[in-house]
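J.: Based on the hints, put chain B in the right spot on chain A.
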Amino acid sequence: MRLLREFSRAVLALLLLHQAAFAQDVVRLGAVLPVTGKESKIGSAYKQATELAVKEVNDAGGVLVGGKKLKIELSLLDDTSDAAKSAQLVEQLITQTKVHAIIGGYGSQLVQAQSVVPERYGIPYISGGAGATSIYGRSKWVFGTLSPVEHLATTQMDFLQDLVSTGKLKAPLSIALITEQTEHGNDYAKGVKAYVAAHAAGWTIPVEQKFELYTADYRPLLGRVQAAKADLFMADAHLEDFISMQRTYAQMGLRNQMITYGARGADEKGRKTLGAAADYIFASGWWSDLLPYPQVKAFNARYKAATGVAPEWYHALGYETVRALLVALQKAGSLEPEKIRSALAELRLTDSILPGGVLTFTKTGQADLPFVVTQNKPGGKVDLVWPKESKTGEPVAPIPWQ
Amino acid sequence: MKGARAWMAVLAATLLLAPLLAERGTLNDLWNVAFAVVLASAWNLLGGFAGQISLGYSAFVGIGAYTTVLLADAGWNPWLTLPVAAALAVLFSVVVGLPTFRLRGPYFSIATIGVGEAVRVIASGMEFTGGSSGLRMPSADFHFLSNYYGMAVLALLTVGVMAYVRGQAFGLALSAIRQDIDAAEALGIPSTRYKLLAHALSAALVGTAGGLFAMNFQYISPGSVFDFRLSLSIVLMPIVGGIGTLVGPVLGAVLFSYLQIKLLASPTLRDSYLFIYGGLLMLVMLFEPHGMVGLWERLVQLGRRAGRPVAGAPRGG
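First to last, the sequence lines map onto chains A and B.
The C-terminal residue of the first sequence carries number 402 in my numbering, and the numbering is unbroken.
The C-terminal residue of the second sequence carries number 317 in my numbering, and the numbering is unbroken.
Isolated chain A, as found in the complex (with noise of 0.2 angstroms):
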């Protein structure tokens, strides 16, 4: 009986300990991010970016919630770059750890897995990596700092236009257009085709081709491309996928007046592997550490100074993500999910490290920002060629092959 007694009170103190841990003033954030697995990579960097953001608000005494400091307590779990387990942990951090809000992960695929959870227990939900539209629009819950893949396109289409303009590129131009067979891809191709339809005189594409992620060998798609003799190779692909078709486009010998990966070209890593191949490729970017605003100035010192890496643009949309989150929470001056929500969406973060300088949402949850061109030069350079009005250098065109 006295044992009774005692387990029945050890059971009364824990319940009430796991009450009070709850009841604490700390605002609770989940993320869910592939930290290990096939988006490793650039979701480790996403982990990095979120963590400091969220230690920077941390180190300066916690968010202002309703006139009150609260300290965050961020619980980032590693999906295993598992669509399923993604969804499932999301769930995880909302019925068990009892979070206010959720970041989302990294890649159209997770975050497809993951943004149809929020929906179910009306907890807000913001991702910065993810860019397909067809993720928008379904929830109101759910908001995104990646603007649109079709305005990547157009942005490039508009970059070439403008290198025609000036006469570095001859029209009429033909387009080789390879995609990777998912929305992302099917998304750069649409805006891709609407430009060129909507401009027929001046482009035509001769050559489209779909690929599967994480493809083994580019020989055969390379070899169509090779065939079809167009004058600029237009890709879209993840950023293992841009290493291993560039490498093989190299060895093949192959020869285009301009080439691009969509948003991959400007990575380190991708320039590191690939050495002289990289050279002369341009990719438009969600963001640049170039770009001349004196915010982004601050935010490269101190990302550099705090983690030892120069920040690329999946840090800095992680790093923005967390800090439009937390400006939101503040502006809703409470930790009621539907207060969080309208906050994000009416949001407008105006000292934004993102292009454009001003971070909205628009009615689909997704932003919608201008997009950055860069090009990589000789000796592992990189100069941002458009917007005109914010390049440090001349864009390079055509490749000048030796």
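Read the hints as simulated data drawn from the structure, not as lab findings.
Hints are all accurate, no fakes.
Computed from the model, here is a short list of chain A residues facing chain B with C-beta under 8 angstroms:
{"no.": "1", "residue": "Ala83"}
{"no.": "2", "residue": "Ala84"}
{"no.": "3", "residue": "Thr95"}
{"no.": "4", "residue": "Gln112"}
{"no.": "5", "residue": "Arg120"}
{"no.": "6", "residue": "Glu180"}
{"no.": "7", "residue": "Thr182"}
C-beta: ideal position from N, C-alpha, C; glycine also.
T.: Leaving out everything else, chain B in the frame of chain A:
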């Protein structure tokens, strides 16, 4: 067998009564357990009872899941898609089984890896499957409890079917095939037909589970439902729990699915879950080939020798 019944009664009571007592987070965990029980127990029919180690079972999960999403997108009631999902999985199991069951031992296992990967590559390249991006269910109302009970009932049905098959001539024939296929055929057991039947029955159950998976997650992609890692997990669960037994796959499924999500959710252990599984598998292979069931039986024997019998052991399990 008595012990096995007691364990199964515990499983049934836990799965069916949990919604009355537990909160949503726990029910999500139990849904995962039930899903894993279906996969592990159904695989055990072919892999454990008949000794045919297939490494391509994710294909059935994927076929079931895609059937449900595609038909639901075409306006079907998701629940009515489940029999179609099961039927297509059965059809595929026969198409795959006819050529591959001519192979024996590791050659059969290697062939099933090829089949699983081929299906994933095809699904990733087709327009109607959504390519690598996958597909979403139509955004209709989501009813977790009915989905939960659907998976719980399927898990209990799977275990029930396995228990029934085990005691029938069909189960004994599968056991004979596992022990010595040539001797079984000499005794008049049509081994290919029985293997095809076992394959089809387990494919029907796994295909149905795939359909319920799609209904629960509302989004599927080749990377999640045709993943080779899923096929490996399906094999590992019965091996860790006790291959060829009734209770083993259930124990393996509980351990694998529940611990995996808990380890991944634990900041201190999230990086070591593969190490823990790998270590566990090595221990099982080296010291206790009959898995957790074998370990339990050893403990029972030790208890008996010490004069203190352990109650509820899954004997004959």
